[in-house]
Amino acid sequence: MSSSGSTELLELAERVAGAAEVEAYVVRSRETDVRVFDGDVESLSVAGVEGVGVRVVSDHRQGFAWAGSLDPEVVDETLVEARDNAAFAEPDEWNGLASPSDFAGVELPELDVWRESLLGVSADDKVALALDLERETRAADARVRGVEYAGYGDAAVEAAVANSLGVVATTRRTMCSCSSFAMAGDGDETQTGYGFSAGRAFEELDATDAASDAARRAVRLLGAKKPQTRRLPIVLDPLVTRSLLAIIGSALSGEAVLKNRSMFVGREGEQVAAGAVTLHEDPTLPDALGALSHDAEGVPTRRVDLITGGRLLGFLQNTYTGRRSRSATTGSAVRGGFKSTPGVGARALYLEPGARGPEEIMASVPSALYVQAVSGLHSGTNSVSGDFSVGAEGLLVRDGEFAEPVREVTIASTLQRILLDVGEVGSDLTWLPGGGAGMTLLVTEMTMSGE
Amino acid sequence: MIDERVLDRTLHAALRAGGDFAEVFAEDRRASSARLDDGKVEELTSGRERGAGIRVVRGETTGYAHTADLSESGLREAADAAAAAARGREGETTVVGLERRDVRPPHEVRVLPESVEKARKVEVLERAEDAARAEGDAIRQVSVSYADSRRRILVANSDGLLTGDDQVRTRFFVQCIAVADTGMQTAMEAPGLTVGFELFDDIEPEEVARTSARRALTMLRARPAPTGKLPVVLKKGAGGVLFHEACGHGLEADLVAKDASVFRGRAGEQVASPLVTLVDDGTLAREWGAYAIDDEGAPARPNVLIERGVLTDYMWDLLRARKEGREQSGNGRRETYQHLPMVRMTNTYLRSGDAEPDEIVRQTPYGIYCAQLGGGQVNTATGDFVFGMTEAYLIENGEITEPVRAANLIGNGPETLRLVDAVGSDFGTWPGTCGKFGQGVPVSAGQPTLRVAELTIGGTAGE
Numbered sequence: 001m002s003s004s005g006s007t008e009l010l011e012l013a014e015r016v017a018g019a020a021e022v023e024a025y026v027v028r029s030r031e032t033d034v035r036v037f038d039g040d041v042e043s044l045s046v047a048g049v050e051g052v053g054v055r056v057v058s059d060h061r062q063g064f065a066w067a068g069s070l071d072p073e074v075v076d077e078t079l080v081e082a083r084d085n086a087a088f089a090e091p092d093e094w095n096g097l098a099s100p101s102d103f104a105g106v107e108l109p110e111l112d113v114w115r116e117s118l119l120g121v122s123a124d125d126k127v128a129l130a131l132d133l134e135r136e137t138r139a140a141d142a143r144v145r146g147v148e149y150a151g152y153g154d155a156a157v158e159a160a161v162a163n164s165l166g167v168v169a170t171t172r173r174t175m176c177s178c179s180s181f182a183m184a185g186d187g188d189e190t191q192t193g194y195g196f197s198a199g200r201a202f203e204e205l206d207a208t209d210a211a212s213d214a215a216r217r218a219v220r221l222l223g224a225k226k227p228q229t230r231r232l233p234i235v236l237d238p239l240v241t242r243s244l245l246a247i248i249g250s251a252l253s254g255e256a257v258l259k260n261r262s263m264f265v266g267r268e269g270e271q272v273a274a275g276a277v278t279l280h281e282d283p284t285l286p287d288a289l290g291a292l293s294h295d296a297e298g299v300p301t302r303r304v305d306l307i308t309g310g311r312l313l314g315f316l317q318n319t320y321t322g323r324r325s326r327s328a329t330t331g332s333a334v335r336g337g338f339k340s341t342p343g344v345g346a347r348a349l350y351l352e353p354g355a356r357g358p359e360e361i362m363a364s365v366p367s368a369l370y371v372q373a374v375s376g377l378h379s380g381t382n383s384v385s386g387d388f389s390v391g392a393e394g395l396l397v398r399d400g401e402f403a404e405p406v407r408e409v410t411i412a413s414t415l416q417r418i419l420l421d422v423g424e425v426g427s428d429l430t431w432l433p434g435g436g437a438g439m440t441l442l443v444t445e446m447t448m449s450g451e
Numbered sequence: 452m453i454d455e456r457v458l459d460r461t462l463h464a465a466l467r468a469g470g471d472f473a474e475v476f477a478e479d480r481r482a483s484s485a486r487l488d489d490g491k492v493e494e495l496t497s498g499r500e501r502g503a504g505i506r507v508v509r510g511e512t513t514g515y516a517h518t519a520d521l522s523e524s525g526l527r528e529a530a531d532a533a534a535a536a537a538r539g540r541e542g543e544t545t546v547v548g549l550e551r552r553d554v555r556p557p558h559e560v561r562v563l564p565e566s567v568e569k570a571r572k573v574e575v576l577e578r579a580e581d582a583a584r585a586e587g588d589a590i591r592q593v594s595v596s597y598a599d600s601r602r603r604i605l606v607a608n609s610d611g612l613l614t615g616d617d618q619v620r621t622r623f624f625v626q627c628i629a630v631a632d633t634g635m636q637t638a639m640e641a642p643g644l645t646v647g648f649e650l651f652d653d654i655e656p657e658e659v660a661r662t663s664a665r666r667a668l669t670m671l672r673a674r675p676a677p678t679g680k681l682p683v684v685l686k687k688g689a690g691g692v693l694f695h696e697a698c699g700h701g702l703e704a705d706l707v708a709k710d711a712s713v714f715r716g717r718a719g720e721q722v723a724s725p726l727v728t729l730v731d732d733g734t735l736a737r738e739w740g741a742y743a744i745d746d747e748g749a750p751a752r753p754n755v756l757i758e759r760g761v762l763t764d765y766m767w768d769l770l771r772a773r774k775e776g777r778e779q780s781g782n783g784r785r786e787t788y789q790h791l792p793m794v795r796m797t798n799t800y801l802r803s804g805d806a807e808p809d810e811i812v813r814q815t816p817y818g819i820y821c822a823q824l825g826g827g828q829v830n831t832a833t834g835d836f837v838f839g840m841t842e843a844y845l846i847e848n849g850e851i852t853e854p855v856r857a858a859n860l861i862g863n864g865p866e867t868l869r870l871v872d873a874v875g876s877d878f879g880t881w882p883g884t885c886g887k888f889g890q891g892v893p894v895s896a897g898q899p900t901l902r903v904a905e906l907t908i909g910g911t912a913g914e
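Chains as they are written, first to last, in our numbering: chain V, 1 to 451; chain E, 452 to 914.
Keep in mind that the hints were calculated from the coordinates and are not lab data. You may find that some hints are simply not true.
[To be verified] 16 Å max Cα-Cα, derived EDC-like pairs, lysine to aspartate or glutamate: (1) V:K259 x E:D489; (2) V:K225 x E:E866; (3) V:K226 x V:E189; (4) E:K569 x E:E649; (5) V:K259 x E:D488; (6) E:K491 x V:E93.
With these hints in hand, go ahead and build the complete structure from the sequences.
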């Protein structure tokens, strides 16, 4: 795969879009997945995936079809099917494809998120890294009794968008990661901990770091008990903060707002969060693992200021939601691959970091719950009503130090309250795989349910 | 989909460099969907995908490669890549001549989705929208979707197996948002079956819409859920997912083998209340997780996992079963040809008991009546789970009283199994998508009305 690969995809996309009001989104990726267990390779998968999604807008009606193949005949059939589908949809005056005039004057970010070197890494080296990761996870602490999962994965993804209004864009990026789930304990008690390392090039991965994280996070939960139900300050681990930001981000999508599916409807300009909260989306930052020069409609990405000093400034938009809300696209169209039409979403959401690190933040409250992982996030949060109730794993904090671990607890509040109750944002900003950044976050009060 | 001689030659190529087992899995999938949102038919989508995955197993290692190119050269290339990944050495080729073995599907599909005019699919959306809006002005948003898929699969392996299946599924979703001065509430109702368009002979789009709308309206009146440990009565069909997540996953042989299950080494032991009999059954006709064969070619069958509280067996895929020298249980599944198979559930249910469902509520002085659970998550290694309740009520003095706001249920799988203290004589199921290691497959979960003596409710009452 090389830049000539992208040119070829672009030619295909342009050919499909030859007729009026047609858009083709073409993707090709190469992926490797290695899983190891007990010192052996459990599985090694190598795969190439390619496909096309065709969107047709005629008389303001939209139709879509996709195919898991770039075979010219299949692509032609897909175009016919998309046109046919459009005939059954109802007209919507805001339907339409991105046009170059939608982003006139927007500076195209200069980003290089493709590492050719990743394509040259041998399967043996990838396997060796996964095996090292498993061995080191076991060796990191005598209390680790097993590794539920240890593996390596990478992907090199090229995409091209072209439409009949003259938008043409290609993007390509590489990513790789290794991760491990340690199981600690014996007899009746088992605790698990997750560790990972991620980057764009193979050399960036650090299996030793991932292994010790996984072991440390599992071991420190040993002896966990169900605590008394009470209200207390909560300190969120960076991974948890990232998950929380992702939910806030989904409520900041212009699509959610237009459809009244967001707790932020009609609150632009209001104080929706504590003053410590300044939230940006910026896919142009080279350090963000979700960085990309163009969105899924071929529109250049840019920094979007969502919340500043707690005040809600605006929302993420794609072409459709931008026009319908009388604003404009923010280059935030996303797709779940070639099988879906563009939605709206964040790629690189982050909070402006504060001045102090996790130790100082923990020391600033007499007692708190440190949450290292949450479960049931999707079922337990509602970005419409704001209800928030999730399972939590972590440790109590007393006098700035980790005290006893807790299990089978839930933490509950509402997203609105959590935002207003942010006491401090940590300085430990870390970009995480799958988009967004995490950092330690202090929430001054939530309900912890236990006994 | 692929000529038998080509399959035979591909399997030989896959094992040419050694290996214990090789398999070709081919899939041809078509899907279509339609969505109505905000009063408008927004979009119709259709898609098609075809390809094959080739697996070569050598010792403990599986090599896998897949391709969208079903020509002999495409398959050959994937076979070579899978063989290289399995790191075979020169060895004897062991491919048994292919023998076609067809398995009768659990039921007939009557109306193939591709035979249905797009206009009829759009019509059911509109009928549901009208019915939901008719429930009152507080219903502000209605989103209706229709989705169908037809998946034809073929499995050929070096043991000589050649078989296939044709799986058709149809699902219908109605999501409503209701608004009042107490806030905004969402509700969802989404029936689905392994059938074609005849789904709508069984379910009325209007009825699905009314259920969804009334649930959203009910939740507007909900007060904060209590916090702490309480008895929980799960309405029939509402809580099957809890047993799927909290117990089912721990009975999957791959997780058991990795010592990542609380049920490891416990066959023959009393792990649940004697009222609990848990079954996984891929032959349950028309259910969302039904099929003739699994994605490794093994016929689906009923498997009793827990009988009157005693752990009887785990669920198996081909690799684990071979290793243990036992039969496959028809639980080897994969999301698409791009994925490796693993042990997955099908239709998992808790068998009905003798208690009168209403009586279970009457015998509960104070607790929670859960009429719908949302998604959930379980840590199979610890058995700890979390589930969101999307429709729940207080039980006071043996009567269902006020609705309570969405809150999580939290508990531990094995402990919950022991705490089941009443099992009703009714039964209901719920379709869903089960995720494991990044792969989603259709499953159903079922259960009669039952009571768990105590679960932790993560509510916010008392603030």
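> Hint numbers the structure violates, sorted upward?
Replying inline: none
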